[in-house]
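Protein sequences appear in the order of chains A and B.
Positions 34 to 213 (our numbering) are the ones given, in order, by the first sequence.
Positions 607 to 742 (our numbering) are the ones given, in order, by the second sequence.
Think of the hints as simulated: they come from the structure by calculation, not from any bench.
Only a predicted model underlies this, so the values are computations on that prediction, with no experimental measurement involved.
Beta carbons are placed, not taken as given, at the ideal position from N, Cα and C, and that holds for glycine.
Worth double-checking, as some hints may not be accurate.
Stated by the list, open to error - Below, a list of computed lysine-lysine pairs in the BS3-like style, where the Cα atoms sit at most 30 Å apart:
| no. | chain 1 | residue 1 | chain 2 | residue 2 |
| --- | --- | --- | --- | --- |
| 1 | A | 150 | A | 182 |
| 2 | A | 164 | B | 695 |
| 3 | B | 695 | B | 728 |
| 4 | B | 662 | A | 182 |
| 5 | B | 708 | A | 150 |
| 6 | A | 194 | B | 726 |
| 7 | A | 105 | B | 608 |
| 8 | B | 737 | A | 150 |
| 9 | B | 737 | A | 179 |
| 10 | B | 708 | A | 164 |
| 11 | B | 662 | B | 728 |
| 12 | A | 99 | B | 737 |
| 13 | B | 737 | B | 651 |
| 14 | A | 99 | B | 728 |
| 15 | B | 708 | B | 651 |
| 16 | A | 182 | B | 695 |
| 17 | B | 708 | A | 179 |
| 18 | B | 608 | B | 708 |
| 19 | B | 726 | B | 695 |
| 20 | B | 708 | A | 182 |
| 21 | B | 708 | A | 99 |
| 22 | A | 182 | A | 164 |
| 23 | B | 695 | B | 651 |
| 24 | A | 179 | A | 194 |
| 25 | B | 695 | B | 708 |
| 26 | B | 737 | B | 695 |
| 27 | A | 105 | B | 695 |
| 28 | A | 194 | A | 105 |
| 29 | A | 99 | B | 726 |
As the list claims (entries may be wrong) - Quick list of the computed label-pair ranges, beta carbon to beta carbon:
| no. | chain 1 | residue 1 | chain 2 | residue 2 | range |
| --- | --- | --- | --- | --- | --- |
| 30 | B | 688 | A | 73 | 56 to 64 Å |
| 31 | A | 72 | B | 724 | 45 to 53 Å |
| 32 | A | 131 | B | 687 | 34 to 42 Å |
| 33 | A | 161 | B | 620 | 52 to 60 Å |
| 34 | A | 81 | B | 642 | 36 to 44 Å |
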Amino acid sequence: MSDGIAKGHDQHTEQSNHKKEMSRRQFLTYTLGATGGFLAAGITIPMIRFAVDPLLEKGEATDFVKVTEVSKLTTTPIEIRFQVNQVDGWVESNPELIAWLRKDEAGNVTALSPVCKHLGCTVNFVSTDNKYECPCHGAQYTNEGKNLKVAPLPLDEYSVKVDNGSVYLGQIIPNHLTSK
Amino acid sequence: MKFTDFNQSIWNETSAYYDTCVIPYSGLTGNETPPRVVQLLSGLKERLEWIEVPFKGRVITYPALQYCFEGFSEFTNYLINNLRSVGFKFVILVVAPSVIIKQECAFDLVIDDRNDDSAKCKEEILQLWRKDVSNL
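Make the full structure from the sequences, and use the hints.
Pasting the structure below:
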């Protein structure tokens, strides 16, 4: 009786071992599939990476651009036009920007962006009123860019660097002069 | 701003601020070679930038009139009336360089070779707006 049980058990183990074995056809399918997939990925991944490379690159802060000499600045703002190199994805351009530069009473150089914070028109400095005025809807700002009328925010600034008597302008940043 | 920058909700919120419409006019006759067309259109684009950049918050550029045609005067008068009915107070025609408008038309201002300078062009527009304020 126990002999019969042992024989039955052996037969069952043999059957399940036989089930786990891979057929030659399956082995070839898996191996060729994996190799083909690996080779295809090796070709397509570098191509995709190359195509989208400009989008993956981290946007670098715009370099500082020399715009004028400190000696030319006074407490009255003057308009300076300058060009920057801009790379946006695949498009490279050199747009012209405008900044209003002045030296404050302590001799610090400040540069304001002329883009009105109401709807984006270009403001002008009116020296008789010592104020910036927007020609579109009459927004007004102090010579530090503080919003007086119409606009909800002060004028933005450029980051400024002074080196060897020259003034360099960088990225546009929110105004910190009016919060002093 | 260009007409493409507006959707219905932006227009509903801000239309009161945009009272000036700009119509670009290339004035092509069909006699121009492709390089000449490029030259005319890039000249027109430059003139449009003199207006679109400094007055971005008050001016809207509409689609251009590309070719010159018979009945220009009647058509533009019809166009101006329609634009005014939408709410535009001022309609400005910006013409490609060296294109001459011979017909009478009812635009509030025509920017062409006579005011072919960024500062002059800006001043003409400011004068137009000032005139309106002083007429109130």
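Query raised in the report: What hints, given by number in increasing order, does this structure fail?
Result: When the structure is compared with the hints, numbers 5, 6, 7, 10, 12, 17, 20, 21, 27, 31 and 33 turn out to be violated.
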